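Q: Sequence:
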Amino acid sequence: MVELLLLLAAAVLVVALFQRQRIPSSLAYLLVGAVVGPHAAGLISDAETIRLVAEFGLVFLLFTIGLNFSLPQIYALRHLVFSLGTGQVLLTTLAVGVAAWAIGLPPAAAFVVGAMFAQSSTSIIGKQLAEQGEENSRHGRLGLAMSVFQDVTAVPLVVLIPVLAAAGSQSVALPLAEALAKALLAIAVVVFAGRRLLGPLFHEVAARRSPELFTLTVLLVSLAAAWATDSLGLSLAFGAFLAGMMLGETEFRHQIESTIRPFRDVLLGLFFVTIGMLVDPASLPRIWHWSLAAAAGLLVVKTLLVAALVRLAGIEAFTAWRIGVVLAVGGEFGFAVLALALGGGAIAAEPAQIALTAVLFSMIAGPLLIRLNRRVAELAVGRSKKEEAAPAAPVPQAAELRRHVIICGYGRIGQNVGRFLDEEGIPFVALDLDPVRVRDAHTGGEPVYYGDAAERDMLEAVGVMNARLVVISHDDPGAALKVLHHVRALRPELPVMVRTRDESRVEELRQAGATEIVPETLEAGMMIVSHALLLLDVPLRRVIHRVRDARVDRYHLMREFFRGNEVLAGHTVESDADRLHSVSLPAGAAAVGRTLAQVDPAKDHIVVTALVREGKRTLEPAADTRLAAGDVLVLFGAPADLERAEARLTEPAVG
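Read in order, the letters of the sequence shown correspond to residues 204 to 858 in the working numbering.
Because the hints were derived from the structure by calculation, they are not lab data. For clarity, every value in this text was computed on a predicted model and none was experimentally measured. Certain hints may be false.
What the hints assert, rightly or not - Here are the computed distance ranges between Cβ atoms for each label pair:
hint	residue 1	residue 2	range
1	Leu507	Gly628	39 to 45 Å
2	Arg399	Arg622	40 to 46 Å
3	Phe395	Arg615	33 to 39 Å
4	Ala485	Gly546	36 to 42 Å
5	Ala825	Ser707	29 to 35 Å
Yeah, the Cβ is synthetic: ideal placement off N, Cα and C, and Gly gets one too.
Given only the sequences and the hints, what does the whole structure look like? Please build it.
A: Quick look at the structure:
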């Protein structure tokens, strides 16, 4: 217990310090492991037990990767991102592996080092590009997409490395063939089970509306798949990846990812702590120059290989070099590769120590190198002769969600909102907790997912950091308050619209941060009143005026919209329909020098919707506004009334 408390205390302290400095948490965990490990302070006596538990962090990491890369999505990325991502991993593994073999490493160990160096850190790349404002540039989006896709190309490594370790110096052909056959069998079984069993299973579980049961089911499915592949002699992580890939095709993907994230983050942090325990500070004086040379070689080789591949794909040289620099940094998944190799005995301790330290050096230098990507490209090929505004390669999943609307609740109102957004070409994603509704909408091709919008992780999973608007369309004030709390913590400036049943909780929701609240009973009452007055032959302009006055105190955003009802005027074609009309007041007009109240436009049955003075537009000017020469009044009314009002306003003053 004391050891566990010390480990947790060190992790909390170091992770907090690193996050304050915007340094990836993975490096913080590595530092904790290096400090408390057996080679330094020696505070942890039973590192093997921690390592066994931490392996589940890798299991959940692969499960999450599978969720984000379903088979249709991998097929859709088969052209640019697939070829570039796969080519980069294969060529880097080959180049580094051959170099390592040439200096005396056994073939299996050389392959491990090559595969380890082929990975790039998505977290470092993403954070640094975002800080530089380059995440939406062509080199930023394509580089990040390739980095994310490397995680998928790394999945075969969790099959190959245990085979290499088991084969030792013997021929690997037969064990590799057996492993390949087992992998194909596992894929077939999981695909069959996933499509026949997992979907119906999660529908039944979701219908119970129990977060506890949902979490238990996610853990059961991920760990059962991991156990199945482990029983076949493959790795635990491979089965978890397959299960995640199958569930990634369902409408439950976002909720599953949100559910598994706490387990993944904690156990993955523990996994990086165990990697840090492998670091031997005492060996640094002996190997630092080898590690530094290996880190420099890693950065140079990956930059050149990626730049060449991207250039061959038809992308201009300047952008290709920038992408090469971005992807040069080493990655956290390389540590997973090293852990698998050490566990199976595929690599000795000394070369493992050099490779581990080299990747750490590259990750430390990574942010500075990414910051200088433009300068490196300019040194290599000169300045770019054209803007980097070409269409970017598709970025998987969360990175695809930009400038979109998040609809919380996909009932009657949510569906209406979604339909109008779709007709306007505005992207949206909707969340709902009714599994039948979600299944029907998802089957119909709509971007609707099973998930609880009141969970912070769920909002992050559907891209709240890049959204334009959040619409809370369900009638659950308690859940709406939770959504508002999370949105305001993540994006204080993001507009949020909230639907309520009545006006009883409007003020509470407004204080919680709602941009606009729409009470159903108010809107129903307004429509009933409007239709009743029209059926009683009250003029349309008067109905609009009365309804506008009733709304104006309740809706801040709708005030300009309802004043004069410009939309109605713009879509009306009848010659006698109400419309907008601008009147400029000449010098010497009777209205000049008088207030709007004195002019009294209402006696002509018209409404003054705006006043333009010296280029400044004032909506619904006050009654005591004194008119001046050159003012432009925007009037709304019937053509005959507008003509009469204009004549009265512009007639010369008497005397």
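Q: Would you mind marking each hint as holding or not holding in the structure?
A: Hint-by-hint comparison with the structure:
no., hint, in the structure
1, Leu507 with Gly628: 39 to 45 Å, "42 Å, holds"
2, Arg399 with Arg622: 40 to 46 Å, "33 Å, violated"
3, Phe395 with Arg615: 33 to 39 Å, "38 Å, holds"
4, Ala485 with Gly546: 36 to 42 Å, "23 Å, violated"
5, Ala825 with Ser707: 29 to 35 Å, "32 Å, holds"
Checked against the numbered hints given earlier, this structure breaks hints 2, 4; the rest are met.
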